[in-house]
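Chains as they are written, first to last, in the UniProt record's numbering: chain D, 1 to 338; chain B, 1 to 338; chain L, 1 to 338; chain C, 1 to 338; chain W, 1 to 338; chain F, 1 to 338.
Calculated from the structure, these hints are not laboratory results. Model, not experiment: these values are computed from the prediction. Among the clues, some could well be false.
One copy or any two copies: either way a pair holds, since identical chains are not told apart in the list.
Derived lysine-lysine pairs resembling BS3-like cross-links, with alpha carbons at most 25 angstroms apart [unchecked claim]:
1. 221 - 267
2. 221 - 330
3. 108 - 172
4. 330 - 21
5. 330 - 172
6. 146 - 267
7. 235 - 154
8. 71 - 21
9. 3 - 108
10. 330 - 241
11. 71 - 124
12. 201 - 124
13. 184 - 297
6 protein chains.
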Amino acid sequence: MGKKIVTLGEIMLRLSTIDNKRIIQSNSFQADYGGGEANVAISLSNFGIESSFITKLPENYLGECVLRYLKANQVNTNNIVLGGERLGTYYLEVGSGVRNSSVIYDRKYSSFSTLTYEELNVEKALKDVYILHLSGITPALSESCKDLTLKIIKKAKEMGVLVSFDFNFRGKLWTVEEAGKTFKEYLPYVDICFAGILDGKYILKLNVDEEKYDSFSEILKAYYKEINTIYPNIKYFISTKREIHSVDDNSLEGFIYSKGCIYNSKKYRFSIVDRVGGGDAFAAGALYGIIQDMNLKDTVEFATGASVIKHTIKGDANLVSVEEVENFIKNGAGKISR
Amino acid sequence: MGKKIVTLGEIMLRLSTIDNKRIIQSNSFQADYGGGEANVAISLSNFGIESSFITKLPENYLGECVLRYLKANQVNTNNIVLGGERLGTYYLEVGSGVRNSSVIYDRKYSSFSTLTYEELNVEKALKDVYILHLSGITPALSESCKDLTLKIIKKAKEMGVLVSFDFNFRGKLWTVEEAGKTFKEYLPYVDICFAGILDGKYILKLNVDEEKYDSFSEILKAYYKEINTIYPNIKYFISTKREIHSVDDNSLEGFIYSKGCIYNSKKYRFSIVDRVGGGDAFAAGALYGIIQDMNLKDTVEFATGASVIKHTIKGDANLVSVEEVENFIKNGAGKISR
Amino acid sequence: MGKKIVTLGEIMLRLSTIDNKRIIQSNSFQADYGGGEANVAISLSNFGIESSFITKLPENYLGECVLRYLKANQVNTNNIVLGGERLGTYYLEVGSGVRNSSVIYDRKYSSFSTLTYEELNVEKALKDVYILHLSGITPALSESCKDLTLKIIKKAKEMGVLVSFDFNFRGKLWTVEEAGKTFKEYLPYVDICFAGILDGKYILKLNVDEEKYDSFSEILKAYYKEINTIYPNIKYFISTKREIHSVDDNSLEGFIYSKGCIYNSKKYRFSIVDRVGGGDAFAAGALYGIIQDMNLKDTVEFATGASVIKHTIKGDANLVSVEEVENFIKNGAGKISR
Amino acid sequence: MGKKIVTLGEIMLRLSTIDNKRIIQSNSFQADYGGGEANVAISLSNFGIESSFITKLPENYLGECVLRYLKANQVNTNNIVLGGERLGTYYLEVGSGVRNSSVIYDRKYSSFSTLTYEELNVEKALKDVYILHLSGITPALSESCKDLTLKIIKKAKEMGVLVSFDFNFRGKLWTVEEAGKTFKEYLPYVDICFAGILDGKYILKLNVDEEKYDSFSEILKAYYKEINTIYPNIKYFISTKREIHSVDDNSLEGFIYSKGCIYNSKKYRFSIVDRVGGGDAFAAGALYGIIQDMNLKDTVEFATGASVIKHTIKGDANLVSVEEVENFIKNGAGKISR
Amino acid sequence: MGKKIVTLGEIMLRLSTIDNKRIIQSNSFQADYGGGEANVAISLSNFGIESSFITKLPENYLGECVLRYLKANQVNTNNIVLGGERLGTYYLEVGSGVRNSSVIYDRKYSSFSTLTYEELNVEKALKDVYILHLSGITPALSESCKDLTLKIIKKAKEMGVLVSFDFNFRGKLWTVEEAGKTFKEYLPYVDICFAGILDGKYILKLNVDEEKYDSFSEILKAYYKEINTIYPNIKYFISTKREIHSVDDNSLEGFIYSKGCIYNSKKYRFSIVDRVGGGDAFAAGALYGIIQDMNLKDTVEFATGASVIKHTIKGDANLVSVEEVENFIKNGAGKISR
Amino acid sequence: MGKKIVTLGEIMLRLSTIDNKRIIQSNSFQADYGGGEANVAISLSNFGIESSFITKLPENYLGECVLRYLKANQVNTNNIVLGGERLGTYYLEVGSGVRNSSVIYDRKYSSFSTLTYEELNVEKALKDVYILHLSGITPALSESCKDLTLKIIKKAKEMGVLVSFDFNFRGKLWTVEEAGKTFKEYLPYVDICFAGILDGKYILKLNVDEEKYDSFSEILKAYYKEINTIYPNIKYFISTKREIHSVDDNSLEGFIYSKGCIYNSKKYRFSIVDRVGGGDAFAAGALYGIIQDMNLKDTVEFATGASVIKHTIKGDANLVSVEEVENFIKNGAGKISR
């Protein structure tokens with residue numbers, strides 16, 4: 001194989017309601033395992049990229065479930081640390097039509113939140129790696145995770161590994177101020193940055209006169225330019241614009257910015273089977289384009305196509321091949337070949 | 001708590017097909033319990049209103065299922081009579097897309113159809129009650145039920161309880177002539193009347209020159225005026241207008257009329273998980289507005305929003321809170337907060 | 001009963017994924033039995049037509065499943081041959097939204113593919129029969145099946161039975177050249193021909209200057225005229241035009257041509273529960289019209305309505321009555337009668 | 001085929017709890033169709049005997065379900081009458097271990113209970129029939145059913161058809177006195193009588209000094225002798241003895257008596273999947289032996305083996321072949337042949 | 001109603017594997033809610049005793065699930081405190097045959113573990129109450145729970161409420177030394193004590209020369225005498241003896257001791273559907289006997305019968321009536337009454 | 001890790017009936033993947049042994065399912081060949097109580113049956129391997145498989161790899177004569193031989209005067225001695241003795257013979273969840289003992305314990321750890337540790 005990717009983050013047990021029931025009507029739950037960075041690793045592995053995932057898991061059957069799931073998807077689990085008290089968990093009441101999904105988080109005190117830089121053998125984990133992918137969820141979980149994120153980013157930089165960082169701001173975990181302060185420590189080392197207008201405005205507190213621009217694309221470009229002026233090290237800015245027609249009917253368009261130019265994908269409208277992990281599928285698609293040296297237009301089309309198709313797949317991860325994404329981009333949906 | 005509501009009616013076992021199968025393909029059925037007046041009581045209880053439901057149930061495990069379901073929803077069951085031969089039942093073949101739902105009724109000889117006024121302790125049941133809610137299904141079931149309805153309406157009036165009556169005409173149970181004759185005995189005692197244009201035209205045999213009016217809303221208002229002239233005691237007229245695009249894709253708009261003025265809600269188009277009980281959710285929403293002294297515009301918006309959201313909920317009753325309805329009215333659908 | 005129909009072909013076990021899972025996520029499969037010609041026989045039997053199905057099945061429990069399924073639908077199974085090694089099978093990954101369905105065929109070496117003309121008692125099977133219905137899948141399966149098809153067509157002709165033939169070209173089984181060569185042997189005996197523009201262009205290699213015509217309907221008519229010139233024995237040409245908006249959202253319009261005139265049905269847009277067998281439901285509807293001597297316009301409306309409603313029914317066959325189709329054509333969808 | 005059998009009786013919808021739940025914990029039910037006489041017809045049809053079932057069914061989808069089920073099992077349905085209000089129904093809470101099964105009957109007012117002799121074309125239905133099989137449940141259901149039973153028994157006798165009658169006393173439907181009075185009218189016409197000691201003692205009020213006999217078998221023989229003295233027309237007396245170790249662990253032994261001799265089968269102890277229809281499977285097995293002219297010892301072994309194996313089969317009817325019963329009798333259980 | 005009971009403790013979400021799968025094979029879990037003291041309250045409520053349960057629940061849908069479950073069982077929830085971070089959870093891999101069940105506890109940091117005496121209105125909660133039932137699990141959970149237990153026991157004593165205490169030692173939560181030290185503070189106030197030989201030996205560190213006694217019953221009596229000498233306030237000692245033949249095949253015998261006399265129940269051997277809550281069903285049965293002033297022999301028979309029947313019921317609580325227990329004790333298992 | 005194992009064989013899709021249904025009652029199937037040699041590799045991998053599996057799989061989603069399943073169990077898949085037409089399949093009607101399981105094989109023309117020695121890189125696959133495990137099923141499948149077996153056995157021998165061979169005679173695939181002729185070519189190279197008395201008697205046609213010996217164990221020893229005289233290269237003979245009380249109630253005892261001595265395990269009686277793979281679990285346990293240099297008594301105890309516990313696990317492979325097996329051998333079944 002060629003270039004390798006390593007992602008680091010928390011992977012949780014998702015317990016979802018079944019068959020359109022509310023939680024208060026449920027006497028069973030569907031169990032899936034997922035987390036942004038794990039989803040990216042799994043998707044890239046299904047694209048044929050050599051992927052590795054770093055996390056910390058409890059030494060019990062649930063931890064073993066996670067390991068089996070990662071291995072089935074050919075994600076390298078050699079750098080996973082075992083220990084801690086529990087697997088982070090969340091309950092998803094799956095919405096439908098006009099009824100929103102709702103989430104009960106039960107992720108505090110998780111094994112991952114106790115992970116430290118020192119527990120890892122980072123040198124070994126990052127050896128010969130092309131990209132290290134992280135997200136803004138990890139530093140929001142605990143002080144040790146915040147510290148770990150900074151240290152591994154610096155180490156990656158030192159070892160010549162590209163750093164990919166997804167803002168992924170979660171208002172239930174911390175404030176925009178805390179996030180902003182933290183992310184600003186990381187950004188000088190970042191090469192690939194997943195962030196959007198809201199991130200620029202509320203987390204980085206940038207002032208862009210949005211009225212000056214005609215289109216969403218132009219406004220987004222303006223923000224990216226601003227950030228790039230402060231952090232000229234960032235090579236790619238990437239994000240999506242989602243429109244919500246109903247809980248299971250959305251539109252999506254992708255954007256990639258590099259060296260002053262912005263490219264957008266085709267805009268898709270589509271129905272949804274499982275929305276969780278749609279953004280991670282996009283990130284994996286974009287990183288695939290970068291790893292494969294695709295041009296920026298093709299990269300954003302691939303990323304958006306991958307994300308759209310993910311919305312039809314149950315579970316957190318985008319279990320599709322490169323061929324399936326390319327076929328969808330080229331031919332659209334609805335054929336049975338026989 | 002504040003003002004109390006009592007509803008009286010039949011609650012049936014609904015046996016629905018599963019997973020888009022036809023009845024002739026089914027070897028299992030989903031079991032739910034519901035009936036218009038029970039649905040109203042349960043919805044109001046989930047809105048925080050003290051609710052009580054009066055019915056008659058057989059003394060067997062199915063009767064116990066109904067009691068447990070009502071209690072779980074905090075509906076007072078103290079005035080329920082036990083006895084009779086069987087629980088009314090119906091089989092619902094759930095339609096999809098262009099295929100209509102179809103129903104096999106098996107409700108004859110039910111325990112409820114044998115309920116008499118004398119079996120109830122009406123004084124006790126209506127003590128300190130603000131609204132008594134009934135529907136036109138009950139008198140259609142048997143002579144004793146017809147008699148019971150008239151007597152309890154009169155007693156409620158006598159005790160200063162507001163009488164709410166939903167026409168709910170069922171052509172499989174009786175003719176428009178029978179219904180009209182019966183309802184006219186009740187209407188002089190009714191305060192809140194759920195009825196629409198078809199009810200005015202075919203059951204009350206009113207003549208309104210529909211051509212004279214520009215809009216559905218104006219025609220409806222004309223009918224309500226007519227009825228109000230005959231029955232000036234009626235304080236509120238309430239109804240919805242449903243448009244059916246397909247079995248699982250409808251539009252809905254609500255209307256409330258009082259003292260010569262009509263108010264309509266926003267019109268929603270939405271996809272459907274379970275249509276049964278959509279009208280009852282609307283009635284419960286309207287009664288909630290009346291109980292809480294909301295203004296008429298807010299009342300009809302609340303009622304319509306409640307009804308729309310019900311269509312996404314499995315089972316007959318609208319298992320949502322006031323906050324969830326208000327949030328939907330304000331923000332629409334499609335967000336996951338995390 | 002009146003006029004009888006016999007259909008001959010392969011019936012397979014379909015193992016479908018459940019609940020929107022991919023095959024690689026599945027640990028159980030839904031089992032259905034179906035095949036174009038069997039689907040036609042079953043649909044016609046549900047329309048009240050006396051139907052018989054000829055095939056060859058292995059002598060094991062799976063073969064018995066097929067027999068029980070046909071008998072439950074009142075399809076005559078007296079002419080079915082038992083023997084051979086296995087039941088043809090296919091795995092269907094049911095798509096959703098933008099994700100296509102995909103199929104793994106595992107039908108080689110099936111019992112049916114070994115069926116010979118000599119194993120059948122064709123005289124007995126075709127006695128008093130009005131229509132014999134076949135498709136282009138059968139000759140694609142094996143040499144013996146190709147031979148059998150030709151012989152039975154000729155025998156039917158000889159016995160005064162109308163021959164109905166559905167091109168049903170399958171690119172996974174043979175080439176357009178092979179199909180064309182084979183079909184041309186059959187066409188001189190065919191009375192009712194299910195084929196479309198692509199069949200005319202690529203299989204029969206006809207040259208129609210499509211630019212000359214304004215509409216799809218006109219182009220189709222031109223092709224039919226061409227074919228009819230070569231094979232003046234063909235009394236009816238029948239086909240549909242499908243537009244695919246997404247995997248579960250299609251439009252359909254039907255066409256019938258006879259003696260220089262073409263009739264098209266209303267065009268429906270509809271959501272899909274199970275697309276398999278949609279074309280067979282159309283064929284059954286068209287044959288019903290022909291058997292019942294309906295006029296051509298009514299025939300194509302009935303066929304298209306039947307096909308549209310099939311898309312809401314799980315399994316391969318259109319388990320609906322004539323009344324249900326007529327009610328849909330007349331009233332559309334969305335009512336519950338109560 | 002050879003000798004034909006006709007059975008007449010009620011077939012009901014059985015709604016059973018799933019997965020060891022109590023009814024009060026259930027939100028879905030398994031749906032099966034069954035009734036003693038239908039079960040006998042289906043079992044015999046699976047043994048290769050030409051079988052016909054007479055009943056009355058409502059004209060709705062549930063009635064159609066019954067028809068499809070009978071046809072799938074190749075039971076002739078030509079003499080079934082359509083009409084009446086409802087399909088008899090019962091709810092079965094399936095017990096386990098020390099917890100008994102319990103039943104809620106909801107069979108009153110069924111279509112079958114309104115069936116009259118005059119609605120049937122008995123001459124046609126009994127033409128060329130070898131055995132007519134009935135049970136004591138039918139006359140317990142209504143006056144018209146009681147009358148029908150007597151008339152069809154007499155007609156059968158007149159037409160030379162053997163009459164098989166299973167006492168099947170149901171204490172929830174009538175008293176032993178009513179049953180006794182009724183059965184005594186039938187017994188002079190009966191050829192094959194399914195009844196046991198309790199039937200002799202409590203229904204026929206016979207006095208047998210049980211103390212005089214050493215074994216169950218001898219006591220049973222004494223009762224049969226007594227009955228045979230009164231009704232010398234009865235050719236065979238047949239019954240089983242069941243011992244209940246727990247709800248899912250029983251023993252069973254079969255007995256057949258003819259012309260003063262009694263034969264018993266091997267006694268089996270076995271675990272239970274579905275006990276409903278165990279007695280009907282025994283009856284079908286015994287009738288099979290009689291139809292096939294097996295000797296009495298082989299007949300009772302076949303009947304008992306068939307009944308034991310039925311207890312492992314879901315649903316009411318014994319869906320096994322003659323070969324499977326014979327193989328079990330010969331080789332017992334537990335082998336996988338591969 | 002008559003005498004009331006209040007129980008206090010933690011109620012957890014139990015996520016169990018389905019259909020004999022291991023956790024590592026599971027992609028869904030059955031959800032039940034239970035905890036020793038809640039199970040006792042629910043069982044007693046199903047016996048017709050007025051029951052109330054005190055706990056602390058998070059303010060989310062899972063907390064609401066617990067409330068709905070308690071209400072459905074008519075358990076008073078008025079004294080439940082809302083707040084804290086999470087609902088205690090555990091995963092149960094349900095064993096079978098020779099494979100043990102195994103449990104992953106995830107109960108730390110639960111809402112209940114933060115409950116304090118001060119958050120409760122104990123005066124109100126214990127008003128007119130006959131028995132307060134607690135267990136040794138509560139003090140093992142946190143310091144505040146340990147403190148709460150002591151305070152509420154003393155308050156109950158002061159208010160004349162009988163104190164029932166179940167040792168329920170859990171080695172995963174604390175050591176025998178910690179438990180012993182704590183329990184000794186409670187025992188001077190206890191009236192009804194659920195404890196066995198192991199509790200006497202290892203927790204209370206009593207020395208009984210077991211060799212001196214012939215039977216289990218005599219040894220148990222000796223321990224009870226010893227404890228009673230130290231704590232003469234204890235009126236009843238109660239426990240069971242379980243023998244495990246396999247995971248789903250156990251035997252059980254109950255014992256009750258009072259004023260120097262010991263009574264044992266019949267010993268049952270039975271198969272198991274759900275073992276969780278078997279001990280709580282026994283405790284509820286014993287408390288029922290005490291509340292109803294049954295004699296000691298009848299009490300222990302009732303308690304043991306109740307516990308045995310619980311093992312056939314899914315979920316934690318014994319959803320059976322007094323009649324069902326009495327019927328089982330009298331008639332055993334295996335009859336269907338029809 | 002330490003010593004490595006490689007196994008080679010066919011892995012099939014098993015489609016099993018669900019919930020005690022017969023195939024003719026089934027409309028869905030449980031899907032598992034398994035085959036003797038794969039089961040051995042997976043079990044050993046779960047014991048912590050480095051395992052690799054060699055086979056040939058079709059290049060479709062079903063092939064991918066197999067790969068994912070093996071990877072999830074950490075079995076090395078690097079030597080698996082992709083190609084051929086289909087995955088071997090079989091349908092298992094799961095028996096219960098007295099009803100036997102039955103199997104429909106549909107494995108002909110499988111990808112594996114076309115595998116040749118030349119398609120493999122045997123040198124690489126066997127490098128540093130301690131044991132190569134094969135079975136007598138492989139040569140029964142095709143000529144190429146027969147040839148491949150012989151060649152790889154010889155190559156293994158040449159490379160110093162221990163050869164383990166399980167007779168696993170399948171009467172549906174070939175005759176005892178064919179098997180005997182083939183196995184005799186392999187036996188001179190075998191080190192570990194899984195075979196029993198029937199194999200010695202019917203396949204190797206040995207004459208042992210069984211009457212001379214007192215016990216099963218002595219007879220078995222006599223056969224092993226005979227074989228060992230002919231093939232002195234064989235170091236271990238291993239087998240089990242199974243007694244079948246009913247389909248889900250068996251007893252099992254294991255035997256190992258080496259250098260003239262025979263050791264037997266404890267005999268277990270146990271209930272069964274899934275019998276498929278019980279023998280493979282035994283083989284894996286025995287190979288584990290050999291790999292870990294356990295003594296022969298401990299080896300046979302471990303193997304038998306492993307096999308017994310497998311019967312409680314769904315699917316073909318023994319998904320348990322060494323600790324779980326050891327704990328079962330030491331403590332038996334029935335405890336929940338909490």
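We went through each hint and held it up to the structure:
| no. | hint | in the structure |
| --- | --- | --- |
| 1 | 221 - 267 | within (18 angstroms within a copy, 37 angstroms between copies) |
| 2 | 221 - 330 | neither (27 angstroms within a copy, 31 angstroms between copies) |
| 3 | 108 - 172 | both (12 angstroms within a copy, 21 angstroms between copies) |
| 4 | 330 - 21 | between (37 angstroms within a copy, 23 angstroms between copies) |
| 5 | 330 - 172 | between (39 angstroms within a copy, 21 angstroms between copies) |
| 6 | 146 - 267 | neither (36 angstroms within a copy, 48 angstroms between copies) |
| 7 | 235 - 154 | within (17 angstroms within a copy, 58 angstroms between copies) |
| 8 | 71 - 21 | between (32 angstroms within a copy, 19 angstroms between copies) |
| 9 | 3 - 108 | neither (35 angstroms within a copy, 41 angstroms between copies) |
| 10 | 330 - 241 | both (21 angstroms within a copy, 22 angstroms between copies) |
| 11 | 71 - 124 | both (19 angstroms within a copy, 23 angstroms between copies) |
| 12 | 201 - 124 | neither (38 angstroms within a copy, 53 angstroms between copies) |
| 13 | 184 - 297 | neither (29 angstroms within a copy, 49 angstroms between copies) |
Going through the hint list in order, the structure does not satisfy hints 2, 6, 9, 12, 13.
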